[in-house]
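Assemble the whole structure, with the sequences as input and the hints as a guide.
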Amino acid sequence: MNGTGWWRFRWRKAKNLGMSTFAAACLLLSVAPLVLIFSYTLIQGISSLNLAFFVQMPKPVGETGGGMANALAGTGILIGLGALFGLPVGIMGGIYLAEYGNNPFGASVRFLADVMSGVPSIVVGVVAYVLVVLPMNHFSALAGGVALAILMVPTVTRTTEEMIRLVPHSYREAGLALGIPQWKTTVRIILPAALKGITTGVLLAIARAAGETAPLLFTALGNRFWSTAVDQPIASLTVFIYDYAKAPFEDWNRQAWAAGFVLISLILVISVIFRVVTRSRYAEH
Amino acid sequence: MARPGVTPDPLTVTGDGTVRDPIAGLSRAAGPARKWNAGDFIFKHLTLLFALGVLLLVFLMGFEMYRGSALTIEKFGWDFLVTSTWDPVLDEYGALPFIVGTLVSSMLALAIAVPLGLGVAIFLAELAPRWLEQPLSFLVELLAAIPSIVYGLWGIFVLVPWLRLHIQPWLGSNLGFLPFFQGPAYGFGMLAAGLILSVMVLPIIASISRDVLRTVPTLQREAALALGATRWETTKIVLTAARSGILGAILLGLGRAVGETMAVTMVIGNRADISASLFSPGYTMASVIANEFAEATTDLYTSALIEIAFLLFVITIILNAVARLIVWSMARKFKTA
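Residue numbers (the numbering used here), protein chains in the order written: chain A, 1 to 285; chain B, 1001 to 1337.
Keep in mind that the hints were calculated from the coordinates and are not lab data.
This one's a predicted model, so the numbers in the text were calculated from it and none came from an experiment.
By construction, the Cβ of each residue, glycine as well, lies at the ideal position given by its N, Cα and C atoms.
Among the hints, a few may not be true.
To be verified - Some but not every residue of chain B turned toward chain A, in silico, with C-beta under 10 Å:
| id | residue |
| --- | --- |
| 1 | Asn1037 |
| 2 | Glu1064 |
| 3 | Leu1081 |
| 4 | Gln1134 |
| 5 | Leu1139 |
| 6 | Tyr1151 |
| 7 | Leu1178 |
| 8 | Phe1181 |
| 9 | Gln1182 |
| 10 | Leu1219 |
| 11 | Ala1223 |
| 12 | Leu1227 |
| 13 | Ala1229 |
| 14 | Asn1291 |
| 15 | Leu1325 |
| 16 | Ser1329 |
Structure below.
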């Protein structure tokens, strides 16, 4: 090997090593914020969390203590309403796409669902405002529920479709071979087989919706008092975090961290479950 | 796909119309022996109705916002986009400061997130051993699952003080001759918004680029390696083959950055000024809606904010549609190749 060739070889090896190290460094640098944010929320959240947070109402401005019982209930009601409106559309739409969607119409629904999942949540909030708040003339839990439902639809549709497609082909053939009508095969054989995946996918969509703030700011608005009425403004964890984080009171900041911790734990646990469930499904093939 | 278990994630590389239809072949084989079934008819059309609902929802959203912003569209026309007065007292509205703020913060985010995200994607798709790849991918995707409000909380209490006390004074004294790094260090401002946005869009760019890299046939890698190319030289070839898909991933990231609301609103400072300095407070389209919508007093004010939402809707729909088409056509190209 002549001299220049040898140096060129060393140079290429060095570049290879350099770029590999760069890629690994990128990964470290990208995972760092996750570790930072999560550990900080964990430390701040655990030290701020107490029983009062779950069972007491917010105290008036200036007083320390109190909790977010109304916000926990409010978030529950909001995602309940969202699921009530959003899940039927998403799940039935997903069934259509998986079972009958192999045509231009199915392709365009699939495409628009994907595109729709990229629409900012604040825009969805504005839509819910125009659709619900304006006609009713005041802010309400209902409007917040509609906003969350619109946000859930694309994810639930696509997840349902993917989960149904993961059911082995032979299940369907077995059902049809026994003379069972196609719709019954779908409802009684395919859906139960895909149920675990669909359920966790739906849970994931609900958890994401529970973490939404922007679409609630001017639909559900917020409420410092106990309210479960669907046609009245209602409190939510996320809007509380927003208000309490900006407030100049240390005790409110503390409670914002506690709420952030509750939220992030919920989402992380469901994400891990989703991961485990879908991975075991993939592994079957 | 040569390696099992690394087929592109169907949840992300999508829009694919080439999926198999399990029934088509069967019913044709059964021919006329398969009787018309009322249950089948009802079930099919019931699900069709809901699928149609998904389709109509998108159009309904666009239509309602167009209708809701009729007042300002009529009064200001295209001037709305290029005027920088935003004065609720005089009822004069122009969206320029918000459009500029959205552009600057998104571009700053992309400038940081694109190289990092590509590095992550290369590491995950080309370099990482398989046992490491799965958990690492999951970690990156978890970043995308953290709610925006938690990013904002972290931004207010950790990122902003850190910028104000350490990073901005250093940038100011070392790079202060550039117009971007001048002015007082508040912590809150464009820089904080760009940084927090970059963390938020990075997982999208990384995970979609990774999926895109995986659609490049293994044969291309093997051919390059067989010719004596190093790992990095092979990766360069893969990157060239995947460049359109990577562009798609970047556009999807941009779409997310443009519409991101809570975290940005909490750290950007919320002032409707246009300034060259990244230290000064700004405002984005999404954050002006978040801040002012509930307090908008006049019809014209509300209409102006709805028009901004409508603009965001149109921008993100276009970005997402183009990006999905690019990613999809690439996946299709290699599948048929």
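Numbers of unmet hints, in rising order: 3, 7, 8, 9, 10, 11, 12, 16
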